[in-house]
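Visitor: Chains as they are written, first to last, in the numbering used here: chain A, 1 to 250; chain B, 251 to 516.
The reader is advised that the hints may include incorrect statements.
To be verified - One-sided and incomplete, this derived list gives chain B residues near chain A with beta-carbon spacing under 10 Å: (1) R271; (2) I275; (3) T278; (4) L294; (5) E302; (6) L323; (7) I346; (8) E380; (9) A384; (10) G389; (11) L390; (12) D480; (13) S484; (14) T487.
Said to hold, decoys possible - Sample of chain B residues lacking proximity to chain A, with all beta carbon distances greater than 10 Å (derived): (15) A298; (16) L299; (17) V321; (18) V338; (19) T387; (20) S428; (21) A439; (22) L454; (23) A498; (24) G502; (25) G512.
What the hints assert, rightly or not - Quick list of simulated restraints, FRET-style, between CB atoms: (26) A:P202 to B:I275: 48 to 54 Å; (27) B:G481 to A:D67: 34 to 40 Å; (28) A:G94 to B:G502: 37 to 43 Å; (29) A:R76 to B:G502: 57 to 63 Å; (30) A:L69 to B:E351: 52 to 58 Å.
To be clear, the hints were calculated from the coordinates, so they are not data collected in a lab.
Keep in mind it's a predicted model, so treat the numbers as computed, not measured.
Ideal Cβ positions, reconstructed from N, Cα and C, are used throughout, including at glycine.
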Amino acid sequence: MERSDAIITLSHVNAGYPGAVILRDVSFDIMRGEIFILLGGSGCGKSTILKHMIGLNPVLSGRLAIDGLEWGPKTRAQLTRRIGVMYQSGALFGSMTCLENVMLPLEEFSKLKRRERVERGMGLLKSVELGDAADKMPSEISGGMRKRVAIARAMALDPEVVFLDEPSAGLDPVTSYALDELILRLRAERGMTFVVVTHELPSIFKIADRAAMFDKARGGMVALGSPKALKAGSDDPFVRSFFNRGEVHG
Amino acid sequence: MGPLERLGRFSAAKFGEFGVRMAFIGETLCETLATVFHPRRFRLGDCALAFERASFDGLPVTVGVGFLLGVILAFQCAAALEMFAVEVYVADMLAIALFRELGPIITAIILAGRTGSAFAAEIGTMKVNEELDALTTMGLPPVRFLVLPRVMAAILAMPILTVLAELAGLVGGAIVLSAMRVPTEVYWAHVEKISTAGMISFGLAKSMFFGLLVGLIGCSAGLRTKSTADGVGSAATAAVVGSIVAIASWDGIIAVVLYVWGMMGI
Ligand SMILES: Nc1ncnc2c1ncn2[C@@H]1O[C@H](COP(=O)(O)OP(=O)(O)O)[C@@H](O)[C@H]1O
Ligand SMILES: [Mg+2]
Chain A
1 MERSDAIITL
11 SHVNAGYPGA
21 VILRDVSFDI
31 MRGEIFILLG
41 GSGCGKSTIL
51 KHMIGLNPVL
61 SGRLAIDGLE
71 WGPKTRAQLT
81 RRIGVMYQSG
91 ALFGSMTCLE
101 NVMLPLEEFS
111 KLKRRERVER
121 GMGLLKSVEL
131 GDAADKMPSE
141 ISGGMRKRVA
151 IARAMALDPE
161 VVFLDEPSAG
171 LDPVTSYALD
181 ELILRLRAER
191 GMTFVVVTHE
201 LPSIFKIADR
211 AAMFDKARGG
221 MVALGSPKAL
231 KAGSDDPFVR
241 SFFNRGEVHG
Chain B
251 MGPLERLGRF
261 SAAKFGEFGV
271 RMAFIGETLC
281 ETLATVFHPR
291 RFRLGDCALA
301 FERASFDGLP
311 VTVGVGFLLG
321 VILAFQCAAA
331 LEMFAVEVYV
341 ADMLAIALFR
351 ELGPIITAII
361 LAGRTGSAFA
371 AEIGTMKVNE
381 ELDALTTMGL
391 PPVRFLVLPR
401 VMAAILAMPI
411 LTVLAELAGL
421 VGGAIVLSAM
431 RVPTEVYWAH
441 VEKISTAGMI
451 SFGLAKSMFF
461 GLLVGLIGCS
471 AGLRTKSTAD
481 GVGSAATAAV
491 VGSIVAIASW
501 DGIIAVVLYV
511 WGMMGI
């Protein structure tokens, strides 16, 4: 990748919850336009670190900044508008149709008229190939479709950074492949930065520019770099075993 | 763990909980003020839906319980008053009891069981599904988005339900008394004479306050839901128990304050 500037910076971050440090002294940068993967065994703190990045929980110590701004009461409104998040469970609002879910951010934060909002919402749903599910309720569509609707909703306000928590977990390989294609296409079309939590080795090699790997036992980051470099050159047995066999113990 | 340490931990936990509740009340107040200045931000659709569920769907049970309460009270009192051949005063007693105390209280307890628990379960499920996080990171505070419409719906539903429960109770009394050969016209004349506008509106104001309590306690229990297997169930239970305790306590406080102020007359 050519020279580009960092959009998210973590320096010496202790991640966790009040009274429980999960990951210690984590430092890395995420570059503008990059697809960056957070990797590690289940329960190692990937979602925890994601929640720090999206401003749900404050970091325990250290500095975490998005484009130079740390999360705080003064920057919250501004930063919130610049990110989009897809949660592990999709987190669609069950009382709204798919289209209404996608239109909700537009309704609250754009000055678009209703007709324009519907148009925009339909456009977003079509971009995740779900134009025909617009009037369905989230309970009436499959898990993979729900995640795609959630991605469409995360993209609604054209954020600079999109966070995806385990987009392919629980999906069949075909759907998961389509989701990877979607992420690559969206990045190519809109130049957004993606931060993705995933375990899927094929998907990592397909989409990732770089990955950070965490280990629960050691309570910190154990590797950082492009998947190819990690596979070829890591001297850490934990990392090597994951990239060569696709298994994470922990 | 020594007893002193246990006491320390217990009070620290309770203080923490108290802080969380105060923060919730504070945030709700702020969002209410913000909504007063930006009325368009109020989620009217959600409020209408919650109102419909709280009021219309709760009507049969509220009216039914009100009616039975009237019948039971009328029977009990008539038995006592019969000795003096003044059964007709059952009407006065029923009107005062229902309008001042029983109407608002019974309705509020039913609202706590039906609507308060539903608020807690709905919001709790959303929390477990990360929908609350999604709202927050979309810049939509859950309190404005979920709590305000529901609390408003509970406040608005209460007086309607209360009036209907009270009327049903009076009808129940009328039926019992007519079986005891008290003419219905005489019964209603007594009711009309004893009921003052002040008494009825005091009861209704109190019922709206109870609606506020049920709404706030239900929503706050939902927001505090833990992501465990029984998290949503416990939240619903906490909502009902908390509401009933709050209703009873505040009713007592109001009665004492009015007594001290010498305003028992209304
Ligand atoms: N609200 C919380 N309070 C305290 N600990 C938590 C909380 N949520 C998760 N944890 C703990 O943090 C650790 C990491 O969780 P998480 O980040 O969700 O893992 P994952 O990498 O699978 O996304 C787990 O051990 C979990 O028990
Ligand atoms: Mg996770």
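Visitor: None of the hints should be skipped; say for each whether it holds.
Guide: Hints versus structure:
1. R271: 18 Å, violated
2. I275: Violated - the Cβ of B:I275 stays beyond 10 Å from chain A, reaching only about 19 Å at its closest.
3. T278: 18 Å, violated
4. L294: With Cβ-Cβ at 13 Å, over 10 Å, it is violated.
5. E302: 13 Å, violated
6. L323: This hint is violated: B:L323 lies away from chain A, its Cβ roughly 40 Å from the closest one there, beyond 10 Å.
7. I346: Violated, about 43 Å.
8. E380: Constraint on B:E380 satisfied, holds at 4 Å.
9. A384: 4 Å, holds
10. G389: Holds, about 4 Å.
11. L390: Given a least distance of 6 Å, the restraint on B:L390 holds.
12. D480: At 19 Å from the nearest chain A Cβ, B:D480 fails the 10 Å test, so the hint is violated.
13. S484: 20 Å, violated
14. T487: 22 Å, violated
15. A298: 13 Å, holds
16. L299: Per Cβ check, B:L299 is inside 10 Å of chain A; nearest 8 Å; violated.
17. V321: 39 Å, holds
18. V338: Check passes; 52 Å lies beyond 10 Å.
19. T387: 5 Å, violated
20. S428: 47 Å, holds
21. A439: 49 Å, holds
22. L454: Holds, because the least Cβ-Cβ distance between B:L454 and chain A comes to about 31 Å, which exceeds 10 Å.
23. A498: 33 Å, holds
24. G502: It holds; B:G502 is separated from chain A by about 37 Å at its closest Cβ, greater than 10 Å.
25. G512: 47 Å, holds
26. A:P202 to B:I275: 48 to 54 Å: 50 Å, holds
27. B:G481 to A:D67: 34 to 40 Å: 36 Å, holds
28. A:G94 to B:G502: 37 to 43 Å: Taking Cβ atoms as reference, A:G94 and B:G502 lie about 39 Å apart, which means the hint holds.
29. A:R76 to B:G502: 57 to 63 Å: 42 Å Cβ-Cβ, so the 57 to 63 Å window is violated.
30. A:L69 to B:E351: 52 to 58 Å: 56 Å, holds
Hint compliance for this structure: hints 1, 2, 3, 4, 5, 6, 7, 12, 13, 14, 16, 19, 29 are not met, and every other hint is.
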